[in-house]
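A.B. asks: Listed below are the residues making up each chain.
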Amino acid sequence: MDATITGLEESKKGFQLSDRWIQIITTVAIIGLWELLSRTGLIKPVHLPSPTRVLSTFIYITREGYPQDITIFKHIKATVWRIIQGYLLATATAIPLGLLIGSHFLLERAANPVITFARSIATISLLPLAIAWFGVGELSSILLIMYGAFWAILTNTIQGVKQVDVNFINVGRMFGATRRHIFFRVVLPSTLPRIFSGMKIGLGVSFMVIIAAEMVGTVKGLGALIQQSRLYYRTDITIVGMIFIGIFGLIISIGLDRLERVMLPWAIGLEEVKR
Amino acid sequence: MNHRRFRHALWASWLGFISLIALWEIIAALQLLDSQVFPGPVAVIEAAIKNVPLKRLLEHIGISLLRVIMGFSLGAAVGITVGIVSGWYSKLGNVLRTPIEILRPIPPLAWIPLAIIWLGLGESSKVMIIFLGSFFPIFTNTFKGMVTIEPNIIRVAQTLGVQKNKLLFKVIFPATLPDIATGFRVGWSYSFGLVVAAELIAASRGLGYMIMHARELNMIAVIMYGVILIGTINLVTDYLIQEVILKRKLKWHYLATAY
Amino acid sequence: MTSDDSKGKLFVRHVTKQFDIENPEQGLAIKDVNFTVQPNEFLTIVGRSGCGKSTMLNIIAGLLNPTEGEVLIHGKRVTKPGLDRGMVFQTASLFPWLRAIENIEFGPRNIGMPKDERRSLAMDLIKLVGLEGFENKYPRELSGGMQQRVAIARAMAMDPEILLMDEPFGSLDQLTREDMQRELLRIWETRKKTVIFVTHSILEAIYLSDRILVFCPHPGTVRKEFIIDLPRPRQKSSTEYMGYYEEIYANIS
Chain A
192 MDATITGLEE
202 SKKGFQLSDR
212 WIQIITTVAI
222 IGLWELLSRT
232 GLIKPVHLPS
242 PTRVLSTFIY
252 ITREGYPQDI
262 TIFKHIKATV
272 WRIIQGYLLA
282 TATAIPLGLL
292 IGSHFLLERA
302 ANPVITFARS
312 IATISLLPLA
322 IAWFGVGELS
332 SILLIMYGAF
342 WAILTNTIQG
352 VKQVDVNFIN
362 VGRMFGATRR
372 HIFFRVVLPS
382 TLPRIFSGMK
392 IGLGVSFMVI
402 IAAEMVGTVK
412 GLGALIQQSR
422 LYYRTDITIV
432 GMIFIGIFGL
442 IISIGLDRLE
452 RVMLPWAIGL
462 EEVKR
Chain B
53 MNHRRFRHAL
63 WASWLGFISL
73 IALWEIIAAL
83 QLLDSQVFPG
93 PVAVIEAAIK
103 NVPLKRLLEH
113 IGISLLRVIM
123 GFSLGAAVGI
133 TVGIVSGWYS
143 KLGNVLRTPI
153 EILRPIPPLA
163 WIPLAIIWLG
173 LGESSKVMII
183 FLGSFFPIFT
193 NTFKGMVTIE
203 PNIIRVAQTL
213 GVQKNKLLFK
223 VIFPATLPDI
233 ATGFRVGWSY
243 SFGLVVAAEL
253 IAASRGLGYM
263 IMHARELNMI
273 AVIMYGVILI
283 GTINLVTDYL
293 IQEVILKRKL
303 KWHYLATAY
Chain C
9 MTSDDSKGKL
19 FVRHVTKQFD
29 IENPEQGLAI
39 KDVNFTVQPN
49 EFLTIVGRSG
59 CGKSTMLNII
69 AGLLNPTEGE
79 VLIHGKRVTK
89 PGLDRGMVFQ
99 TASLFPWLRA
109 IENIEFGPRN
119 IGMPKDERRS
129 LAMDLIKLVG
139 LEGFENKYPR
149 ELSGGMQQRV
159 AIARAMAMDP
169 EILLMDEPFG
179 SLDQLTREDM
189 QRELLRIWET
199 RKKTVIFVTH
209 SILEAIYLSD
219 RILVFCPHPG
229 TVRKEFIIDL
239 PRPRQKSSTE
249 YMGYYEEIYA
259 NIS
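For the protein sequence lines, the chains are A, B and C, in the order given. For the first sequence, this note's numbering assigns the number 192 to the initial residue and increments by one for each residue that follows. For the second sequence, this note's numbering assigns the number 53 to the initial residue and increments by one for each residue that follows. For the third sequence, this note's numbering assigns the number 9 to the initial residue and increments by one for each residue that follows.
FYI, nobody ran anything at the bench for these hints, they're computed from the structure. It should be emphasised that the depicted structure is a prediction, and the values quoted were computed from it without experimental measurement. Where is the CB? At the ideal position from N, CA and C, for every residue including glycine. Just so you know, not all the hints are guaranteed correct.
[As the list claims (entries may be wrong)] Here are the simulated SDA-like pairs of lysine to any residue, each with C-alpha atoms no more than 20 Å apart in a straight line:
(1) C:LYS84 x A:GLY367
(2) C:LYS88 x A:HIS372
(3) B:LYS196 x B:VAL130
[Said to hold, decoys possible] Calculated from the model, a selection of chain C residues having no Cβ within reach of chain A, i.e. all distances over 10 Å:
(4) HIS208
(5) PRO227
(6) GLU248
[As the list claims (entries may be wrong)] So the derived list for chain A, only partly shown, Cβ under 10 Å to chain C, looks like this:
(7) ASN358
(8) PHE387
(9) GLY440
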């Protein structure tokens, strides 16, 4: 084993071509082993169906759907639509509020305990409350998503405003900019990377909240899919559902990173420099 | 502005907090909504005392915390071990990281149905979810800590004649601790939310169960009580971890980075 | 005060600055500072870290107000920043979301100058500081020295009478620093301005200035004044140069 410094330094270099091969081989080996163990009956299909079974179910669920006619796309659409509504609501309220609170010292001090406490409340624990008030419907899920994303975006926006480099503001003052100008032309652009950061976290939170919320009482949606399938011991569908959820989560995070590069090209590497 | 008076403005923080509670009470008292639907803070506490005897409450809290501790310890043990091994032996690390990175995008909560299929509705399935929730952040941070050690630290140790395995324990591991600590904090706060969610969805004991059950009986006051309780416990444990444990044991790190 | 104060002179009179922090003794940054700045002169304030020179500069800039005393320009008291004074900070502090040329256009844009006008103004300045070809780069794409050049151009965009510079070359490596010193003198000789420069490097001060004020700390005051009577460009190895260095060094406490 290469238990030397080079081990650490190699890991640092990130992935190289030979590493890619190791990854591919490992993946294939794992799947192969999985298939083998399933075929020989060492793993029961109810616990973990074979890869071939998973694959055929994968195709089935895109065409036929589960339960009754609800194709995977309908599930995805339901989940996505809920996320979009809740998330947009959160963004539209958290960003302006965050900008306001971050700009005023006393306001921030007053809001601080409220925010700290509200954040520590596990968003999902509000689900029973939401159901009690609004029933098991779209509204509960959307409000829950909104709650989860709201605090992430709010806190990051506030921090972003608070941490604006005082030199930037001084530059603005040297040019005689009015308070309004300084806010819109200096503070706001300065805060954008941090706001975006909050939005990324908020979206991640939304995603997790909705999956959980959908496991309680919903029929359509990715979370509902895997919950339903469990109740009927369709482990193959559970696995396929999980795969879709994983892919979906991956698309969200990669998509957002790409978006950030496009919208804020000047901010790349800024955070490291600041430290 | 007179900075000395406003420096911490703790009074403003307290004011904000108290106004919130007062506002809550006022809205409830105004009876815009039925007091069953929107109880005020006082009503919540009353209902809680009446409907959830202390013994049961402590049972719920206890079981939730137990699940978290068990899952977290497991996640930490495995996460740190795999993280260190993956960093130290780069080829092996590559192999280990492949399945980890593949499974990472799946949120721990999405594992609940599978966990139940594998481990039933008992404790183990909840512990598994917590395990997953803490494993990933702890592993990631440990690995990152391993690969971002300042190379000069290692070189200095070598010139002082520190041999391979001792190097690992005496130099590399301590240098990784701050990152591990970060992983701990993230993992812990994550775990807490997870256990509540898992209990909401499928459990017969615990805080998550308590509030779900209260919903079935339509006892909104008890739900609110539970929600606030969960939040408070989360805050308290996070504070304990951060202030007491981390800042004491890792004073050397925080002193250097706090200015 | 009397009105023969105009003709571009800047007066610093009995300026004291007390910061409101826990320990009042430590908070007394500068005390009873007095000096005059002549138009078009290159004046440098030299001193150790913490001697109050940056505080003094910030007060002249109008970013801070003195606890006692006053700063007068054209017979009028300085109470806030103004377009007659431009400032270059130690960290260039270019707005990272704007390209180099857009950073320079910041001031003109702020007063509503039309696009074409401010673009050509900014391009002139880009050429002046020797950055032609780099105008569309973002600050993160520029080296430290280049960023400072943009910062200088930005400060000059509103054609201020007085240019204030707070250790602008402090974060650059030695070689770049020397390049920038030559550049700065070239720019200064092209667009004659009054420059008030702050640094802790005596060698830099002697190279650049007409006159040097030595500040000493706790609390900050002017200890001694030196007039550098050497023709430019100055030879850092000449005996006169080293002579000044010895004298000033002796006075830095």
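A.B. asks: All hints, please: hold or fail.
C.D. replies: Consistency of the hints with the structure:
Among the hinted pairs, LYS84 of chain C with GLY367 of chain A is consistent with the structure: their alpha-carbon atoms are about 17 Å apart, no more than 20 Å. Restraint check for LYS88 of chain C and HIS372 of chain A: the C-alpha separation of about 16 Å stays at or below 20 Å, so the hint holds. A distance of roughly 15 Å separates the Cα atoms of LYS196 of chain B and VAL130 of chain B; the hinted pair therefore holds under the 20 Å criterion. Non-interface status of HIS208 of chain C relative to chain A is upheld: no Cβ of that chain comes within 10 Å, the nearest being about 19 Å off.
The claim that PRO227 of chain C is not at the interface with chain A holds, since no C-beta of that chain comes within 10 Å of its own (minimum 23 Å). Remark: the non-interface label on GLU248 of chain C is consistent with the geometry, its nearest Cβ contact in chain A lying 36 Å away (cut-off 10 Å). The beta carbon of ASN358 of chain A is positioned within 10 Å of a beta carbon in chain C (closest approach about 4 Å), and the interface hint is therefore held. The beta carbon of PHE387 of chain A is not positioned within 10 Å of any beta carbon in chain C (closest approach about 12 Å), and the interface hint is therefore violated.
A least Cβ separation of about 30 Å between GLY440 of chain A and chain C goes past the 10 Å threshold, and the interface hint is therefore violated.
The earlier numbered hints that this structure contradicts are 8 and 9.
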